[in-house]
Amino acid sequence: MTATPGLGRIGVLAIQGDYAAHAEALSDAGASPFLVRKPEQLQESEGLILPGGESTTMLRFLEKHNFFEALRSYCGTHPVFGTCAGAILLSREVRNPAQQSLAVLDVVIERNAYGRQIDSAIVTADTELAGGPLEMVFIRAPRILSVGPDVEILARRDQDPVLIRQGHAMAATFHPELSLDRRIHRAFVELVRSKR
Amino acid sequence: MPDANGKHQIANTQLRLKVGLAEMLKGGVIMDVMNVEQARIAEEAGAVSVMALERVPAMIRAEGGVARMARPALIKQIIAAVSIPVMAKTRIGHFAEAQILQELGVDFIDESEVLTPADEAHHIDKHAFTTPFVCGARNLGEALRRIAEGAAMIRTKGEAGTGDVVHAVQHMRQIVREMKGLTVLSDQELFAAAKEHQAPYELIRIVAQTGKLPVPNFSAGGIATPADAALMMQLGAEAIFVGSGIFMKERATPLDVERNASERNEAVSRAKAIVAATTHFNDPKVLAEVSEQVTGTMKGLAAAALDEAQLLQTRGW
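Residue numbers (the working numbering), protein chains in the order written: chain A, 8 to 203; chain B, 63 to 379.
So that you can see chain A by itself, here it is in the shape it has in the complex:
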């Protein structure tokens, strides 16, 4: 599918991780993605995806050139969506180990909570999304330990929330960009459109 004219330039934070897979998923969902590597590029972006990867690596970059502060203020006013490492960065509190985060979502999250790579899994389950069961790819995934009252839970793995939304922020502890199902990226593109 080609990009719909006039529909959102959506940034993908491209410090490290599977940002290319997110850009492809956004294109499939009708948006015009571009890669964000510097804080000044945030202004060109109507919404931002924080991809999967290593959250410690991303943090080391954000600590430089006031990127962290620029991103925190951006997240206060723009739609954002984090997957896995991106979800960790958006959470209010991070455990195992404790680390700095943007505190956009009222969530406590634990890194590598399901174990190491041999414990990674693909799970298919019903969710709040229309259109039937959803495939969810978990890779060295974090676990959401608790959520605040304003957080809407859209999908669970057993009892744990794995897809959540709070206002204009979304997060998944799995990797929708690694599946061919584009419902979640379409939902984010819709969210960006609704905030214009």
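A couple of the hints might just be wrong.
[What the hints assert, rightly or not] Each computed DSS-like pair below joins lysine-lysine, with the alpha-carbon atoms no more than 30 Å apart:
1) B:Lys257 / A:Lys71
2) A:Lys71 / B:Lys311
3) B:Lys274 / B:Lys138
4) B:Lys257 / B:Lys242
5) A:Lys45 / B:Lys347
6) B:Lys274 / A:Lys45
[What the hints assert, rightly or not] Quick list of the computed label-pair ranges, beta carbon to beta carbon:
7) A:Glu47 / B:Glu165: 32 to 38 Å
8) A:Ala128 / B:Ala210: 33 to 39 Å
9) A:Asp126 / B:Gln139: 42 to 48 Å
10) B:Ala254 / A:Gln48: 44 to 50 Å
11) B:His189 / A:Glu135: 58 to 64 Å
12) B:Glu351 / A:Asp133: 47 to 53 Å
13) B:Asp181 / A:Asp126: 46 to 52 Å
14) B:Val128 / A:Gly83: 55 to 61 Å
The hints are simulated quantities; they were obtained by calculation from the structure and are not laboratory data. All values derive from a computational prediction rather than experimental measurement. Ideal Cβ placement from N, Cα and C applies to all residues, glycine included.
Dock chain B against chain A, hints included.
Below, chain B alone, put in the same frame as chain A:
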């Protein structure tokens, strides 16, 4: 099977999870470490993963002897010390070492030509493992043979332990050139191409359709400076392995990061600079800044001066 958007998805769930972890490492730097302190420095500098090993390639090259899998105790200490994924090397064909590494909870296994090969004909059947594998390659045929055996990530072999990037460049250029070459062939010609590359027809066909490997393509072997990392990324590498380039001082002497503060700082400065150069590989302004911050580089060994018998890259088949 291609879907409505014409995309391929790997059918095997296990392999999707393995490739999935490789996807998460893209755009990052994987650093060889020989002790807990080096692993901490690597994580602190922004490495996406560390490779736990007994001796880095430059030391193996200088000291000789049989190079084997690292001690389990060392691997466990490193796993306990960092939150990023931990890799470890097994000898080519040594599936029992690989079984031990999987049992230890290593996140990625490198079936590596840097260690002394254990089998002169067979690589490990990597489908038999839950843990993903990375393997080295010098050309497309070698890469696809490793993928057929179950590798979830390919890296150029380069010439490890030299600090000379010339062979990594040669291998990356060759793999990219051979992939491009397949995209212009007709369906009938692909059968002969499979024979020529000594690789399975099914994989040849996927490369011909997509123009890229079905698994991530990283670079290793002689990368020692931020500029080397940027060079390999611009040539098409999706991430960078740095072996001897960060923690070595002289040919066979590592920087003393545990007791000498200035040598520790030097390792930190090299590690941070290579990480920054890998992210901003296309931005010469940033590359100039980070290159200026590096306080030293391993001395290195010109790969052209090595005898054929000293090459590590010719191991593996």
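Numbered hints the structure breaks, given as an ascending list
The structure breaks hints 1, 3, 7, 8, 9, 11, 13; every other hint is satisfied.
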